[in-house]
Amino acid sequence: MSRFLKIFLGVLTAIGGFVDIGDLVANAETGARFGLGLAWVVLVGVVGIVVYAEMAGRVAASSGRPVFDLVRERLGPRVALVNLLASFFINFLTLAAELAGVAIALSLLAGVSYVLLVPAVAFLVWVVVWRMSFGAIEHVFGIMGLALLVFVVALVHLSPDWTSMLHEATHPALPTEETPFTYAFFAIALFGAAMTPYEVFFFSSGAVEEGWTRRDLATNRLNVYVGFPLGGLLSLAIMAVASQVLRPAGISVGTLPQVVLPVAVVLGKVGLAVAILGVFAATFGAAIETGLSAGYTVAQYLGWQWGKFVRPRDAPRFHLVVLVSIVLGALFLLSGIDPIMVTEYSIVLSAAALPLTYFPILVIANDPEYMGTLTNGKVLNAIAMTYLCILTIVAVATVPLMIITKGGA
Amino acid sequence: MSGRRFWAHLHLLDRQLVDRDGRLCGNVDDLELEWRDGRLWVSGLRTGAGSLARRLGARVLGAWLDQVHRGVDPERADHTFIPLRHVADLGDHVTLSLDRTEVATWHGERWVADHVIAHIPGSGHASDE
Amino acid sequence: MPRMSELLGTPVLDAEGTSRGRVKDVRVVQDGPYVEGFGAALRVEGILTGRGTAAVLLGFDRAGVKGPWPLVSLFRRLEHRATYYSWEEIETWDDGVVRLRAGAEPEAATPAPSTSTTPTPGGSSASGDSSTGS
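Residue numbers (the working numbering), protein chains in the order written: chain A, 184 to 592; chain B, 15 to 143; chain C, 9 to 142.
Please keep in mind that the hints were generated in silico from the structure rather than gathered at the bench.
Built from N, CA and C at the ideal position, the CB exists for glycine as well.
Accuracy of the hints is not assured; some may be wrong.
Short, incomplete list of chain A residues facing chain C, as computed with Cβ under 8 Å [what the hints assert, rightly or not]:
(1) Leu357
(2) Glu361
(3) Thr365
(4) Val546
(5) Pro551
(6) Ala565
Per the computed footprint, the stretches of chain C lying under chain B, defined by three or more beta-carbons under 8 Å from a beta-carbon of chain B, are [stated by the list, open to error]:
(7) 9 to 16
(8) 23 to 34
(9) 37 to 43
(10) 46 to 52
Simulated DEER-style distance windows between Cβ atoms [stated by the list, open to error]:
(11) B/Gly52 x C/Tyr42: 31 to 41 Å
(12) A/Gly555 x C/Ser94: 26 to 36 Å
(13) B/Trp49 x C/His88: 25 to 35 Å
(14) C/His88 x A/Lys589: 24 to 34 Å
(15) A/Leu268 x C/Leu82: 21 to 31 Å
(16) C/Asp103 x B/Gly85: 30 to 40 Å
(17) A/Val507 x C/Pro114: 47 to 57 Å
(18) C/Arg11 x B/Gly52: 16 to 26 Å
(19) B/Ala72 x A/Gly555: 32 to 42 Å
(20) A/Arg404 x C/His88: 28 to 38 Å
(21) A/Arg261 x B/Gly52: 44 to 54 Å
(22) B/Gly52 x C/Pro114: 39 to 49 Å
(23) A/Ser518 x C/Lys74: 47 to 57 Å
(24) A/Gly519 x C/Arg11: 40 to 50 Å
Modelling step: build the complete structure from the supplied sequences, incorporating the hints.
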């Protein structure tokens, strides 16, 4: 494959793979309730994940080790254990939410209750993790995820008043039904959805899976600088469509079908089918990523052999953790718990745990022992440090706001 | 190698162990010390879940885990101690001149490999890139 | 057989019985008799002591982590509150306490750069192989 094509594929994969169930729910819900008043949060979140994902990729390419692997070395086993437990738990919730997303997307096509599909979905996800190569997984589900561009198509088809939309986004106003607390709570939820921790763990482990070296740094940067922001635009399209269709009708988002409802309204059955395909791909891909992340974090803390680049027989406990996590995620859903609530908790708790994830990345990216000459420059450090402060404020505010707003009611 | 200085906590503990074929086989969970001529020397590395538990203060759990690992090994050998002579290099990770089957983590890995993973079709091949 | 984890965190008292904090880290030097397959044996050379958050592990001071500057200045200040004592200054280590000799004198934590300190930076070649090994 020519080099240009390979790069193009990488960027497309990054765009299509950016959105997961957390982004779908958070963007649709805020669009329906706040219009475009929280669009700026998506922008801030995208810049944040771009900055840190590039760092995580660079750490992996320079040192040959993923970030989580190095957390225990740099912060000690106690702190790393706290990090592991928190990350694993939140990752587990996210995994369950993604599995639910896949099942719900399929249930919209099959016409049966999504709960019945959960076991089959879990099995399918695990089979793909077991048999499909890492690169193939990324590319297939990433490209398929581009079906979510139907949200952009729907938005354009609506011929909205672009100037007033731009005005609404740049002059955030508090809707009368909302309070400053719900505004802040949803800002945090959106932020947590954009900067989900598993993304950086997965991204840096993935870089090692694919054998990145310093020569791949340029490609890494291109994927991250171009792919992620375009993925962020997809998120904004979902928000905008919800704000144009659901908000005037007073419909709020409490289920996944309501996320794709605007597309069905605007583009009919064909649009709906494409949207469902996009949701399926995005959540299936994310289910695989969170499943693997469960294995990565545990194995890397304990020093076990991990990764799909070796035979399963040579990384048995890693694969066992992945398998058990997927099974437990499915069982969790079969208990009848509301999947949207699981999604909301996963993104909000992700927001609360953000500093735990990102602080080690920042320290390691500045450590010449691992990075050689590729440590952060001063400007990058300034931006990253600012974000770390933002993340800390967000983390501290999360639980109080969750209590005050009763979970965003 | 000689004359090099290390900080135990900063440079040696919690480092990844890599066997002679490049396979990952645990972490440096602790260092074993011995008194000789009134001075303290590092006699080797300690690895394994039991060693980590002990390091984190859970002595009873640590002793139990060590016992479990030993019980799983057919020769009942203790692979949690790696004498210095089997350490080939100290860098940002620790390279051993041993094969991973001779290190503590192998017990758990082999048990899971034989009793769980081997029963799933396709466990013998890596999904190729 | 004692373990490093037993020495780390042990309370340190001076000859008068005043607390000097705890053992935060231990320096070892490779200057012992030759060990086949490894090199010169590792001898415990001294201890880094401090109270509370002194000598935080992150390596800003002792491993040369370079930024960002707010973290660097914060953590360097914490690390400088730690004191290093050569092993000769230690009277005893038993009963879970390290006792310093009378008149024990601290030294600089990091010796003058006449001997190389390790590990060598940017180990991408070695670790690149190992992590993708097969």
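Against the structure, the hints come out as follows:
A cut of 8 Å between beta carbons decides the hint on A/Leu357: the least distance to chain C is about 33 Å, and the hint is violated. With its C-beta approaching chain C no nearer than about 35 Å, A/Glu361 sits outside the 8 Å limit, and its interface hint is violated. With 8 Å as the threshold, the beta carbon of A/Thr365 stays out of range of chain C, its nearest partner Cβ sitting at about 33 Å, so the hint is violated. Because the beta carbon of A/Val546 sits about 6 Å from the nearest beta carbon in chain C, less than 8 Å, this interface hint is met.
Annotation: interface hint on A/Pro551 holds; nearest CB of chain C at approximately 5 Å, less than 8 Å. For A/Ala565, the suggested interface contact is upheld, since its CB lies about 7 Å from the closest CB of chain C, less than 8 Å. Coverage of the segment 9 to 16 of chain C by chain B holds. Counting CB-CB distances below 8 Å, 7 residues qualify, and the rule asks for three or more. For the segment 23 to 34 of chain C, the stated coverage by chain B holds: 3 residues have a C-beta nearer than 8 Å to a C-beta of that chain, and at least 3 were required.
Under the rule that three or more residues need a Cβ within less than 8 Å of chain B, the assignment of the segment 37 to 43 of chain C holds, with 5 such residues. Given as covered by chain B, the segment 46 to 52 of chain C passes the check, having 7 residues with a CB less than 8 Å from a CB of that chain where 3 are the minimum. Restraint check, B/Gly52 to C/Tyr42: a C-beta distance of roughly 20 Å breaks the suggested window 31 to 41 Å. Between A/Gly555 and C/Ser94, the C-beta spacing of about 32 Å keeps the proposed range 26 to 36 Å intact.
Taken as a hint, the range 25 to 35 Å holds for the pair B/Trp49 and C/His88, whose Cβ atoms sit roughly 32 Å apart. Between C/His88 and A/Lys589 the C-beta distance comes to about 47 Å, which lies outside the given range of 24 to 34 Å. A hinted range of 21 to 31 Å for the beta carbons of A/Leu268 and C/Leu82 is consistent with their spacing of about 26 Å. Range check, C/Asp103 to B/Gly85: Cβ separation about 33 Å, and the 30 to 40 Å hint holds.
Between A/Val507 and C/Pro114 the beta carbons are some 51 Å apart, a value that agrees with the proposed interval 47 to 57 Å. At roughly 19 Å, the beta carbons of C/Arg11 and B/Gly52 sit within the given window of 16 to 26 Å. With their beta carbons about 37 Å apart, B/Ala72 and A/Gly555 fall inside the hinted range of 32 to 42 Å. At roughly 37 Å, the beta-carbon separation of A/Arg404 and C/His88 lies within the given 28 to 38 Å, and the hint holds.
A hinted range of 44 to 54 Å is violated for the C-beta pair A/Arg261 and B/Gly52, which are about 32 Å apart. Range check, B/Gly52 to C/Pro114: Cβ separation about 21 Å, and the 39 to 49 Å hint is violated. Evaluation of the 47 to 57 Å hint for A/Ser518 and C/Lys74 yields a pass: the beta carbon distance comes to about 49 Å. With their beta carbons about 49 Å apart, A/Gly519 and C/Arg11 fall inside the hinted range of 40 to 50 Å.
Going down the numbered hints, you'll see the structure goes against 1, 2, 3, 11, 14, 21, 22, while the others check out.
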